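Student: Protein chains in written order, with the numbering used here: chain A, 50 to 594; chain B, 50 to 594.
Just so you know, these hints were derived from the structure itself, not from any lab. Take these hints with a grain of salt, some might be off.
[Said to hold, decoys possible] 25 Å max Cα-Cα, derived BS3-like pairs, lysine-lysine:
1) B/Lys430 x B/Lys226
2) B/Lys594 x A/Lys594
3) A/Lys569 x B/Lys530
4) B/Lys594 x A/Lys569
5) B/Lys569 x A/Lys594
6) B/Lys154 x B/Lys168
[Unchecked claim] Here are the simulated distance ranges between beta carbons:
7) A/Gly450 x B/Gly548: 44 to 52 Å
8) B/Asp540 x A/Arg480: 24 to 32 Å
9) B/Gly527 x A/Arg499: 26 to 34 Å
10) B/Arg586 x A/Gly176: 39 to 47 Å
11) B/Gln155 x A/Lys530: 33 to 41 Å
12) B/Ala581 x A/His214: 50 to 58 Å
13) B/Gly405 x A/Arg480: 47 to 55 Å
14) A/Glu476 x B/Glu368: 48 to 56 Å
15) B/Gln155 x A/Arg480: 57 to 65 Å
16) A/Ala559 x B/Thr526: 29 to 37 Å
17) B/Gln447 x A/Asn332: 51 to 59 Å
18) A/Tyr538 x B/Gln155: 51 to 59 Å
19) A/Leu106 x B/Gln330: 22 to 30 Å
For clarity, every value in this text was computed on a predicted model and none was experimentally measured. Think of the CB as a built atom: it goes at the ideal place given N, C-alpha and C, for glycine as much as any other residue.
There are 2 protein chains.
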Amino acid sequence: MAEKLRIIPLGGLGEIGKNMTVIEYGEEIIIIDAGIMFPENDMLGIDLIIPDYNYILDKTNNIKAVLITHGHEDHVGALSHLMQLIDAPIYATKLTAGLIKGKLKQTKIAGQVTLRTIKAGDVFHVGSFMIEPFHVTHSIPDGVGYGITTPVGLIVHTGDYKFDHTPVDGWPPDFAKLAEFSQRGVLCLLADSTNADRPGWTQSEVVITAAFEDLFARAEGRIIVATFASLISRIQQVANVTAHHGRKLAITGRSMRDNSRIARELGYLDIPKELLIDISQANGLAANKVVILATGSQGEPTAVLGRLATGRHAKLNVEEGDTVVLSAHPIPGNEEMIYRIINQLFQRGAEVLHEGIANVHVSGHASREEMKLMINLVKPKFFVPVHGELRHLIAHSQLAGEMGIPEDNIAVVENGTILELDEHTMEVGPRIPGGYIFVDGSGVGDVGPRVLRDRERLANSGFFIAVVSIDDEGTVTGRPKIISRGFVYLDEAGDIMKGAEEVIVQTVRASGRNRDHIYKRIEGALSKYLYAETGRRPMVYTIVK
Amino acid sequence: MAEKLRIIPLGGLGEIGKNMTVIEYGEEIIIIDAGIMFPENDMLGIDLIIPDYNYILDKTNNIKAVLITHGHEDHVGALSHLMQLIDAPIYATKLTAGLIKGKLKQTKIAGQVTLRTIKAGDVFHVGSFMIEPFHVTHSIPDGVGYGITTPVGLIVHTGDYKFDHTPVDGWPPDFAKLAEFSQRGVLCLLADSTNADRPGWTQSEVVITAAFEDLFARAEGRIIVATFASLISRIQQVANVTAHHGRKLAITGRSMRDNSRIARELGYLDIPKELLIDISQANGLAANKVVILATGSQGEPTAVLGRLATGRHAKLNVEEGDTVVLSAHPIPGNEEMIYRIINQLFQRGAEVLHEGIANVHVSGHASREEMKLMINLVKPKFFVPVHGELRHLIAHSQLAGEMGIPEDNIAVVENGTILELDEHTMEVGPRIPGGYIFVDGSGVGDVGPRVLRDRERLANSGFFIAVVSIDDEGTVTGRPKIISRGFVYLDEAGDIMKGAEEVIVQTVRASGRNRDHIYKRIEGALSKYLYAETGRRPMVYTIVK
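For reference, chain A alone in the conformation it holds in the complex:
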């Protein structure tokens, strides 16, 4: 029986195949990307989420390469975890490699990882695979997709992409390479589905420059632009317009400063030194000479914009006359925090512009017309929509169906599903158990659903713990010690505390000398009492000494 190729989209939360893809043939494995996701609002206390790559852990010797598409966190953020477990080279383009190096520097595996710099258009071999990175446009420069010639046929993975004819760095997508792939015959296309519900064609990054030019011409005070720290091309655009209007630029926020420094060093960001000032110099300049680039466009309270909104920034105060621009799209779940910050900035007298009311952001992902172009350029036999939530994958699969790809040749699958391909067939295999792994503090995977359920209960009503001493006669001695937090404002709840003590004394008395599970009976009585008094259900525990 001939060997089959296995493709396994992995990881992520909600989005499918976003953070990692495993490609396996015989005893050879290639991994594409290793990214993180951020938790949803009800994943309490979780810092970040990494793919559950359990599948490859007993095959680590088979892993031949980790191919990276671009430098965004959701594609490289888990490398610091993954590379502790495997020993394979990372392949990435120059900017992406620079950003990865910057991140690995902060970990204990710095220096132990082999990082091979590639460029779009290269052709190289890894085991039985021939790898051809091709240039794509996205919201960070130097992004690539991969053509991977396997023993069963050519697989094309788009990475994150849009077809931007006029990107900020002047380097359009490599249409010729895609057409060449299709001439050679593409067995399977894995394509970015993020915007599968957006009709039309995503606007070029170039429209942002026009919007900024207009906005800078009108602004009389300082201009504060918040965007993603990794949106290098946006940083370039702001720098260009800043220079054009005779202002100076301060880049703030650690991640944005780090990324800008790396991108400048590697030649992906062209900002003359004279244009840049430190944030501490901004207050010494006339307001109409200052532009500030800031992190915090997703409403993160501890990032620069969040601190500015609440007046907690050490060096800068937002004032009347300032113009704040949110040059970013809210990631679902962040809307509430972002609108809160917008209101707070208005409260301080600033003018606030955002995507909803001005043309200050465009997506980095292809819309439906671009998706059609991708499919028609590549002409794959099999089609696997990836990158996006299930709803996006389904929309993308319907689009592919409308374009003539037979339904049986399209696989909409969830993370961990094994796709098996040979020259003629694609089969949807079993789904590997497990999904994603929570990272909380320094713990990886030690917080699961049970701990989260406890956190949810604590978040709703707090806890109430009583330490009770009972003598041999079955009588409470002394006053029970009570510790409670998150339940009720204790300073004003004296009656409830007194009532709880009374409940304890009576429960013990009613039990006489029967001390079997007396703590359980006290807990039951306390829970009932506290619910009757407040309508809340704190976690109740009793320790009997």
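Given the coordinates of chain A, assemble chain B onto it according to the supplied hints.
Tutor: Relative to the frame of chain A, chain B by itself:
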């Protein structure tokens, strides 16, 4: 000195003047609306939020009337709290009064409240005020705004409105009344700002019918429509299209069933009895004969749609072939939950349509062109944007400015700000301390920022409590008892527990016989140890016996 009129927008969270407005002249007070808001995602454990109406509490005898604009929760939901404290009649139109009666029935003040039914076009007097409710169109029938002739002049409050020329109930807004007000001269307009950042004109409810007709014609299986329980006109539209396509309608979800029953009884919903089935009958009919109206359009996990998405509905399973329609707009903060439910429904094989991809919802609020029409119809001397977050109020005020209302005649204020008017001037007075009040379980106002901060810490990392016995020699006796939840999965954290016990023993030993604040020293040492082990900061307490 002549008496001034005071207008005080109150209550709500984020939105200003949304839930309550106080109008005061001398010793007479009128209240417009008494609604609730739902908490934001980081207001842990809070059930709902009511306006902080402390200002009127020592003047309850002055309150002459509570005027209600329409029957939505954010305008009537706090009546059950407010009416416990004051003794004034509620004025509401027929449908609104019916809905209020339904809600008060569930409270202890049922029967004690005077509810006066009014209708649009009425003129009545309350103390020195002449009150003229006027018909507006909104996403619930029988809505009104109020013209209030006060001793200093005519105040017009729009309530929630849009200018829908073709509403489902065939009753267009009362343009003539607004024009008449302007002829008499309007001192001040308080106007709905919800959509102040939406250009153009909000679509008429009538477009929904076309979209539903189209969708019903194509659907081959069951159709499940989720919408707001109070969106009576949407329920009417679904019923009409259901009848037109020879299907039967099941209305599910307690609030939607209650509202539909009341609206039918009062003649605001025209659904023949034969059209309706109970949800338990739905499974007995052919799939293409069934339509189900459901609650849960905001992603609430315990509402009908949430239970369907996770397979927890007792009588219904979503299956391949079903079409689910979310006929609602996500309230900011709910997007994540809504998208999760959409993905879950897709997972079950349903086709899911929502506002983002089909024309299945229109807003109930005026867009910018309607706002301009309102201002030009009413021609007020002073303008106060209300209903909306600060960002909307500012956008609305800029629009009013562009239309020629002098900047000094426009007041953008926050909740609790006292506006003082006479015939010629409007002054922004002081802001009353306080904002909104949390309701948690049966507690009103007993959970504040301190309890919420504790809940946030508990939500992030849980708690860790040690009960330690120390003998007179200063030695730990027995093993410390440890209770911990939400911190780490205890079954797999034996090492950490052992380490913590060791930390306790060593800390006590190092303290010798000095037992002053020994619990503090243990807590400090434990916190440090747990952070070093896990990178987390649970709440740590120690009880020394």
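Student: Each of the hints needs a verdict: does it hold here or not?
Tutor: Against the structure, the hints:
no.: 1; hint: B/Lys430 x B/Lys226; verdict: holds (17 Å)
no.: 2; hint: B/Lys594 x A/Lys594; verdict: holds (9 Å)
no.: 3; hint: A/Lys569 x B/Lys530; verdict: holds (16 Å)
no.: 4; hint: B/Lys594 x A/Lys569; verdict: holds (21 Å)
no.: 5; hint: B/Lys569 x A/Lys594; verdict: holds (21 Å)
no.: 6; hint: B/Lys154 x B/Lys168; verdict: holds (23 Å)
no.: 7; hint: A/Gly450 x B/Gly548: 44 to 52 Å; verdict: violated (57 Å)
no.: 8; hint: B/Asp540 x A/Arg480: 24 to 32 Å; verdict: holds (26 Å)
no.: 9; hint: B/Gly527 x A/Arg499: 26 to 34 Å; verdict: holds (28 Å)
no.: 10; hint: B/Arg586 x A/Gly176: 39 to 47 Å; verdict: holds (46 Å)
no.: 11; hint: B/Gln155 x A/Lys530: 33 to 41 Å; verdict: holds (39 Å)
no.: 12; hint: B/Ala581 x A/His214: 50 to 58 Å; verdict: holds (53 Å)
no.: 13; hint: B/Gly405 x A/Arg480: 47 to 55 Å; verdict: violated (28 Å)
no.: 14; hint: A/Glu476 x B/Glu368: 48 to 56 Å; verdict: violated (24 Å)
no.: 15; hint: B/Gln155 x A/Arg480: 57 to 65 Å; verdict: violated (46 Å)
no.: 16; hint: A/Ala559 x B/Thr526: 29 to 37 Å; verdict: holds (30 Å)
no.: 17; hint: B/Gln447 x A/Asn332: 51 to 59 Å; verdict: violated (29 Å)
no.: 18; hint: A/Tyr538 x B/Gln155: 51 to 59 Å; verdict: violated (27 Å)
no.: 19; hint: A/Leu106 x B/Gln330: 22 to 30 Å; verdict: violated (52 Å)
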